[in-house]
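**Q** If you're matching them up, the sequences are chains A and B in order. Mapping to the UniProt record's numbering: the first sequence position 299 is 299, numbers consecutive. Mapping to the UniProt record's numbering: the second sequence position 128 is 128, numbers consecutive.
Hints listed in this document are in silico derivations from the structure and should not be mistaken for laboratory results. Hints are supplied without guarantee of correctness; some may be wrong.
Repeated chains share a single entry, so a pair holds when one copy, or any two copies, can fit it.
Each computed DSS-like pair below joins lysine-lysine, with the alpha-carbon atoms no more than 27 Å apart [stated by the list, open to error]:
1) K304 with K316
2) K48 with K21
3) K292 with K214
4) K214 with K319
5) K292 with K100
6) K53 with K437
This structure is a prediction, so every number in the text was calculated from the model and none was measured.
2 protein chains.
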Amino acid sequence: MNEQILNELRGIVEESRIFTKKKDLYSFSFDASFGEYLPEVVLQPQSKEEISKIIMIANTYQIPVYPRGSATSLSGGPLPTMGGMVLDMSQYPKTLVIDKENMLAIATPSVITSSIHENAEKEGLFYPPDPSSSHVSTIGGNILENSSGPKGLKYGTTKEYVIGLEMVTPTGEIVRTGGKTVKNVTGFDLTRLIVGSEGLLGVITEVTLRLIPKPAHKMTLLASFQSVVDSGRAITNILSSGVLPAAMELMDKYCIEAVEHYQPSGLPLDAEAIVIIEVDGHMASVNEEIDKCSRICSAFPGSKVKVAKTEEDRMKIWKARKMVSPAITQLGPTKISEDATVPRSKIPDMIEKLHSIRNKYQLNLVVFGHAGDGNLHPNIITDKRNIEEMKKAELAVGEIFQAAIDLGGTLSGEHGIGILKAPYMRGELGVTLDLMKKIKEAWDPNNIMNPGKMFPQKGQTKVVLTQNE
Amino acid sequence: MNEQILNELRGIVEESRIFTKKKDLYSFSFDASFGEYLPEVVLQPQSKEEISKIIMIANTYQIPVYPRGSATSLSGGPLPTMGGMVLDMSQYPKTLVIDKENMLAIATPSVITSSIHENAEKEGLFYPPDPSSSHVSTIGGNILENSSGPKGLKYGTTKEYVIGLEMVTPTGEIVRTGGKTVKNVTGFDLTRLIVGSEGLLGVITEVTLRLIPKPAHKMTLLASFQSVVDSGRAITNILSSGVLPAAMELMDKYCIEAVEHYQPSGLPLDAEAIVIIEVDGHMASVNEEIDKCSRICSAFPGSKVKVAKTEEDRMKIWKARKMVSPAITQLGPTKISEDATVPRSKIPDMIEKLHSIRNKYQLNLVVFGHAGDGNLHPNIITDKRNIEEMKKAELAVGEIFQAAIDLGGTLSGEHGIGILKAPYMRGELGVTLDLMKKIKEAWDPNNIMNPGKMFPQKGQTKVVLTQNE
Chain A
1 MNEQILNELR
11 GIVEESRIFT
21 KKKDLYSFSF
31 DASFGEYLPE
41 VVLQPQSKEE
51 ISKIIMIANT
61 YQIPVYPRGS
71 ATSLSGGPLP
81 TMGGMVLDMS
91 QYPKTLVIDK
101 ENMLAIATPS
111 VITSSIHENA
121 EKEGLFYPPD
131 PSSSHVSTIG
141 GNILENSSGP
151 KGLKYGTTKE
161 YVIGLEMVTP
171 TGEIVRTGGK
181 TVKNVTGFDL
191 TRLIVGSEGL
201 LGVITEVTLR
211 LIPKPAHKMT
221 LLASFQSVVD
231 SGRAITNILS
241 SGVLPAAMEL
251 MDKYCIEAVE
261 HYQPSGLPLD
271 AEAIVIIEVD
281 GHMASVNEEI
291 DKCSRICSAF
301 PGSKVKVAKT
311 EEDRMKIWKA
321 RKMVSPAITQ
331 LGPTKISEDA
341 TVPRSKIPDM
351 IEKLHSIRNK
361 YQLNLVVFGH
371 AGDGNLHPNI
381 ITDKRNIEEM
391 KKAELAVGEI
401 FQAAIDLGGT
411 LSGEHGIGIL
421 KAPYMRGELG
431 VTLDLMKKIK
441 EAWDPNNIMN
451 PGKMFPQKGQ
461 TKVVLTQNE
Chain B
1 MNEQILNELR
11 GIVEESRIFT
21 KKKDLYSFSF
31 DASFGEYLPE
41 VVLQPQSKEE
51 ISKIIMIANT
61 YQIPVYPRGS
71 ATSLSGGPLP
81 TMGGMVLDMS
91 QYPKTLVIDK
101 ENMLAIATPS
111 VITSSIHENA
121 EKEGLFYPPD
131 PSSSHVSTIG
141 GNILENSSGP
151 KGLKYGTTKE
161 YVIGLEMVTP
171 TGEIVRTGGK
181 TVKNVTGFDL
191 TRLIVGSEGL
201 LGVITEVTLR
211 LIPKPAHKMT
221 LLASFQSVVD
231 SGRAITNILS
241 SGVLPAAMEL
251 MDKYCIEAVE
261 HYQPSGLPLD
271 AEAIVIIEVD
281 GHMASVNEEI
291 DKCSRICSAF
301 PGSKVKVAKT
311 EEDRMKIWKA
321 RKMVSPAITQ
331 LGPTKISEDA
341 TVPRSKIPDM
351 IEKLHSIRNK
361 YQLNLVVFGH
371 AGDGNLHPNI
381 ITDKRNIEEM
391 KKAELAVGEI
401 FQAAIDLGGT
411 LSGEHGIGIL
421 KAPYMRGELG
431 VTLDLMKKIK
441 EAWDPNNIMN
451 PGKMFPQKGQ
461 TKVVLTQNE
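Same shape as in the complex, but just chain A (with noise of 0.2 Å):
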């Protein structure tokens, strides 16, 4: 980046904000996928008033610009992948208001979803979306991805609660979208279309989310099942049964036994599969929910169920349910993370499938996820050195990729495009792809924002692999 505009930017940001060597700019290279970019500068605005200054500059001399909260995503999301400059939103000034007779919370994109979690709580409130990294996402990444974690069956995803933003346009503009009601129909849906659209269209300042009351009581089971199909058959006999549970997460036994492995936490080694069950809500329909959602799971041959008779057993049953992404990331370097997501009724179907994949490239892919909403997070556990094994698992993930879509399903329910899907978006979309771009052309004519995402590159056809391999 030449030095006049280096000269402008200090302008804007102190010079203690402001990072340009190697070994500084290395810290912003990586997210949680495996892809791993230089930036040329990293600036940390701590106002929205610098951030519109900032895009401006970019804007003029068409500079790309990737926000960046905890850098969590597992798609690519935050990496400069064009160099320019990365606007690390971490460091921007956490502020959250609990707003309990409006049953709102408003917070700057910097807080971390876990603090709003407890500060709803505290006024018996509650926000549902809880992806697995959300004592260390920031609400802005996780409202850009639309990440949601176990809860989008009963409750819905991030986007349900998401009712008013603050942002800064791709030409530098401050604008707000949506307000402080959950009905408002004036004009377009802006708000919802910033949602999960992955730093394309903007920089998030501020979010105002709807929260709900908070449910009195929960009960959690675990369910262990002889065969993987039939676990998934417990899943939508539960659901066509009536009872809508807060979630349903899906463990098979390669992923039991990396964390039993890596941390033992009293999961059955010699289950197939596992599915963790919580119900909320009042007392007395919790009860007789767990009741049927064990009766439902009993019924399956050799299936074991336990429900958690103190909170202590319940939390236990979470950490392990939460220790999920540590245990498989000691199975070896480089971890794909999919997210295929499919209609719920086809959730055996998907898990067969995944399985026979496994068999087929004869990969370490391990299948756990919030089967309730049929979004699965089938992951391949290797090496990204190990050039012949990267071979077989871009092959492999292109044919997940391929059976969700068959499935009735989707490429992504919650970890977005980003880089590592951006080839299969034509697959799924056909045209409808070329109205999503009419929007950011619209929006962003010199392609500033967080440009290289969502979009295939010319020429791009490989999610695993770079191009040259």
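Once you have looked at the hints, place chain B on chain A.
**A** Structure of chain B alone, referenced to chain A:
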């Protein structure tokens, strides 16, 4: 419309589904608002392919296209303000599939919304959005206006239930957005952008709705208050007590009088306001919650609470509520129906402001609405031939909008902008309006889809009067 274009249209749609005679066109010149505009031709397409071909012709010759469902819009949504073609979608084939296993409904746009309710409930499922007109309005119209009714408070709006769409774009392509999974982040969320877009972005040809399990039990109470501000406070007190009712409907005394005059329904004529509260869910929680609501309402001096003991009593209360619109129509030939929406805590302030506007302009202004989600429906009953009164109504409407915005609310909660609120869009949205226009221009470069709506036209400043009055 010249004969050549008509002949091209005759090549697509058979003669019996094309209307050009003035006596036929009149039937398509109005909606439930008070404007009247004659189209040049009315077409009744019966397939998406026909619609695609019609739109391509419209795009070639730059002819305005106005899609129309049951025309229950209160904001002028389907009015052919610039002539051109009306696409009468009410005659489109009606197909509805309830997919019990995946808890989905898949419908063509012409399906009447109440038939989705009925068919879902037969399967133990529930589609919460329920605009007052649901027994006559189409799901296509409901979706394009995002009209939602009383249950937005607990269950969210129509938007929260639309997960997939098939649409013909303004350039005639047939596209799909979203899909059959609740979680889907494959690209920008075009589905939610199209919901509430008032027909400016295309013609919907199929919708995929998510359904939820039907609540097992319901209880309803009717509370009367000696002051309208008390009724507003009761609502906010209930919401901050942790109870989230399925519906909280408010009617002021002018509304009560209108209903009792039109069809005596046992409403208390000595009350300043009544609130109807419905809770639903498990039997135990329903009993507890209705008790809590009852106690909170009873705490206001002079209030009276009646809990419906039988299903017959419950239906009677709801029948009185559904009677409001027909009843107030009897008070005068012209009904100006607004739906300014405010944050819940501001409901008492907004009601006070509305009553002071009533007094200031000496207008027949009645207030009812979905008070639990801040979505009030102030209605001015007048006669459009009485120019003096219409001038006062024009000023009153301006004050209503300003009051809503000043209280942190919005112009419209669910009726839409149409032609009746367009001049106030810039005031609420500022530069955000330009972002909406950019999307419209990018998708519809010839501005053929529902032109004249939502965006203020040059020089348009009046909403109730025509410009030259």
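**Q** It remains to establish, for every hint, whether it holds in the given structure.
**A** Taking the hints in turn, this is what the structure says about them:
{"no.": "1", "hint": "K304 with K316", "verdict": "within (17 Å within a copy, 49 Å between copies)"}
{"no.": "2", "hint": "K48 with K21", "verdict": "within (25 Å within a copy, 58 Å between copies)"}
{"no.": "3", "hint": "K292 with K214", "verdict": "both (23 Å within a copy, 17 Å between copies)"}
{"no.": "4", "hint": "K214 with K319", "verdict": "within (21 Å within a copy, 32 Å between copies)"}
{"no.": "5", "hint": "K292 with K100", "verdict": "between (35 Å within a copy, 19 Å between copies)"}
{"no.": "6", "hint": "K53 with K437", "verdict": "both (25 Å within a copy, 24 Å between copies)"}
Taken one by one, the earlier hints all hold for this structure without exception.
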